[in-house]
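2 protein chains.
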Amino acid sequence: MGYIVKRVAVLGTTGSIGRQTLEVIDALPGHFSVIGLAGGRNTTLLAEQIEKFQPRFVFHQETKTPPPTTAEYEFLPMEEMARHPEIDLVVIATSGKWGLGPTLAAVRAGKQVALANKESLVMAGGIITAEAKRNGAQIMPVDSEHSAIWQCLEGESGKPSKIILTASGGPFLHYSKAKLAKVTPEQALKHPSWRMGNKVTIDSATLMNKGLEVIEARWLFDIHFDNIRVLIHPQSIVHSMVEFADGSVKAQLGKPDMRLPIQYALSYPERLANPHLPRLDWENIKELTFEPPDLDAFPCLRIAVEAGKRGGTYPAALCGADEIAVQQFLAGKIKFTDIPRLVEQALGEHKAISRPPLEQILAADDWARDKVMQLVGDKS
Amino acid sequence: MGYIVKRVAVLGTTGSIGRQTLEVIDALPGHFSVIGLAGGRNTTLLAEQIEKFQPRFVFHQETKTPPPTTAEYEFLPMEEMARHPEIDLVVIATSGKWGLGPTLAAVRAGKQVALANKESLVMAGGIITAEAKRNGAQIMPVDSEHSAIWQCLEGESGKPSKIILTASGGPFLHYSKAKLAKVTPEQALKHPSWRMGNKVTIDSATLMNKGLEVIEARWLFDIHFDNIRVLIHPQSIVHSMVEFADGSVKAQLGKPDMRLPIQYALSYPERLANPHLPRLDWENIKELTFEPPDLDAFPCLRIAVEAGKRGGTYPAALCGADEIAVQQFLAGKIKFTDIPRLVEQALGEHKAISRPPLEQILAADDWARDKVMQLVGDKS
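Line by line, the protein sequences are chains G and P. Residues in the first sequence are numbered from 0 upward in steps of one, following numbering that gives the first Met the number 0. Residues in the second sequence are numbered from 0 upward in steps of one, following numbering that gives the first Met the number 0.
Hint data in this document are derived by calculation from the structure and do not stem from the laboratory. Virtual Cβ for every residue (Gly too), placed ideally from N, Cα, C. It is possible that some hints are incorrect.
With beta-carbon atoms standing in for the labels, derived distance ranges [claimed, not checked]:
| id | chain 1 | residue 1 | chain 2 | residue 2 | range |
| --- | --- | --- | --- | --- | --- |
| 1 | P | Arg301 | G | His275 | 29 to 37 Å |
| 2 | P | Asp87 | G | Arg133 | 33 to 41 Å |
| 3 | P | Ala26 | G | His223 | 21 to 29 Å |
| 4 | P | Glu282 | G | Glu286 | 14 to 22 Å |
| 5 | G | Phe224 | P | Asn134 | 43 to 51 Å |
| 6 | P | Ile3 | G | His173 | 49 to 57 Å |
| 7 | G | Phe224 | P | Ile3 | 53 to 61 Å |
| 8 | G | Asp87 | P | Asp87 | 35 to 43 Å |
| 9 | P | Pro274 | G | Ser353 | 30 to 38 Å |
| 10 | P | Asp87 | G | Arg228 | 34 to 42 Å |
| 11 | P | Asp87 | G | Thr288 | 51 to 59 Å |
| 12 | P | Ala26 | G | Arg228 | 19 to 27 Å |
To spell it out: a stretch of chain P is covered by chain G in this simulated footprint if at least three of its residues, at any positions, have a beta carbon under 8 Å from a beta carbon of chain G; those stretches are [claimed, not checked]:
| id | region |
| --- | --- |
| 13 | 50 to 56 |
| 14 | 114 to 127 |
| 15 | 228 to 242 |
| 16 | 264 to 275 |
If we strip away everything but chain G, and leave its shape as in the complex, we get (with noise of 0.2 Å):
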């Protein structure tokens, strides 16, 4: 049997997703083809990726030095690369708001889309589902949780019941509220499973992330927010379950790796066998716990559903609030505890609309960080 080599563009590349998805794309020889990279601010690196996938097309933010290196490159723009007819696969792999514009640009031009980037589902998921809906596109989710439902759900005929999204619960489950006022940067950015960014390493110890994947989840699997579940399980070895009409449930496992997540995205439908992917080792592992959040410590969970089943530009504010609010806990400014505090302050004051469109989406995002700037300002 022969094999099909995608061709593949990777947003994102410099981050923590964009280069472990080079990693496993560079551990599956002959599988893919690294059209386009998309870099930020780090040149040394992408000069070096560059020079290592000889892609065809780059995008580089407009900096004064673009990458240091002599390869001969077409420069392209994020969205054009995203739908430029030579791309079977759409990596989307750029932080914040960034994604929403070539994951909309991916899912217009029927692409297939390994979506690590929140925002974009968050933010403007009934726009995405329905775009991708229209042009045949397939979104793929690359997050643990979501892929983890997603391996379930394949081959299924029928609709989940329900779904069990499972959290690690961060550095500090079981916290008090007075001991969480209290927490460093520093301790909130060692999270004690997963290797992830600094901005998604703090929302886990928050469980805002938590939060924002249950709304990614309501729209990647089109189900109702009361038949998603979050569990804490602090092994982080059962990545998310489904329950079916019959009442029987599936789980995915797995060590908690990036790379396994990505590649299901990338070789989907096949699997390969990839010697660099860790395995379940069942000789160390004894027991694997579970239990509800403590929704009174963690209030971003219960903040983040909240503004997801209010729908229209709450989430997008939701988004902007958080990102200004992590931003300024992880300078020294504010402390842990404040994050849910000013997000939900600001979420109080804002005046929704209702099935925006993108514009106002990203206006909404831009109103929640300047917001919380002026609450923050106000308080110092």
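Given the coordinates of chain G, work out where chain P should sit on it, guided by the hints.
Below, chain P alone, put in the same frame as chain G:
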């Protein structure tokens, strides 16, 4: 959308699996039509089932009194029922080697075969899977473990790299050999999590059942013995797991209730909502634990896998020897720890034939029964 009413024959209706099969059918009106029922010695129960389901065909063991009912039916031998053109799906829930003939008849007639009879695949897995392939029959496992694996494999294009069969460990988990020598049939019949017949309950207590399941898995999923692993999981929530080429693992979970795997085989590829089926209650599941089996205290697992690996008539001799040993234990004639001793001794004296036809498989079973009776007689 319309749906198909499946025409079903249930063989072994008065046993535990047979009764639960009829419970499931009764709970899903309009989905199944019971065309045939084959019962055992409990003619009173069989008569009730005949009156309730009004089957066209009935088989009952030739006792002096036929089932006490005035309902009209046509008497039909089990093998004829299994291949009857008006039947789509045959549930084989007869116990012991009596399942072999009907299973073979059903697969030769290209039926959907919901297989609860362990001996069919353990004793004659090579013949039965080859005939199923040749005639386009589909063997659908009814065991919770194999159903779990089957569910995890749905929609997967590649072969599993590993199968992890879970085992509750039975009522004597962590018992020493010395303590096991003193257990009574009453204690052994109290299974901690499953409602099953007597023979399989004792086989669960010795772990022989898990060994037989390893052999079944080898045939059902065409996988090498070395890639099948057994893990003790006392909560009986994870019914089994599959590891794929990329290291991803899928598990199927549910309350320990045989009606779930029975229903899945009946309704496949659909899943049907059934209000009588229990659902996992995550408020009360705190932990799932796993540990390797103690092959020293529970040698039946090792003995069975060895017989499976040797192949030929060894697995048939294993079944015959175990059946008599379990009978003798239940009758109070031998100790619990005599079961593996007698089975191993019989297998040690067995003169096996490779690639045996069905007659020789049945002859090996007979030989082993006589051998164990003789060994028990010699001792007492």
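Hint by hint, here is what the structure shows:
no., hint, in the structure
1, P/Arg301 to G/His275: 29 to 37 Å, "holds (34 Å)"
2, P/Asp87 to G/Arg133: 33 to 41 Å, "holds (40 Å)"
3, P/Ala26 to G/His223: 21 to 29 Å, "holds (26 Å)"
4, P/Glu282 to G/Glu286: 14 to 22 Å, "holds (18 Å)"
5, G/Phe224 to P/Asn134: 43 to 51 Å, "holds (48 Å)"
6, P/Ile3 to G/His173: 49 to 57 Å, "holds (52 Å)"
7, G/Phe224 to P/Ile3: 53 to 61 Å, "violated (34 Å)"
8, G/Asp87 to P/Asp87: 35 to 43 Å, "holds (42 Å)"
9, P/Pro274 to G/Ser353: 30 to 38 Å, "holds (36 Å)"
10, P/Asp87 to G/Arg228: 34 to 42 Å, "holds (37 Å)"
11, P/Asp87 to G/Thr288: 51 to 59 Å, "violated (44 Å)"
12, P/Ala26 to G/Arg228: 19 to 27 Å, "holds (26 Å)"
13, 50 to 56, "violated (count 0)"
14, 114 to 127, "violated (count 0)"
15, 228 to 242, "holds (count 5)"
16, 264 to 275, "holds (count 7)"
The earlier numbered hints that this structure contradicts are 7, 11, 13 and 14.
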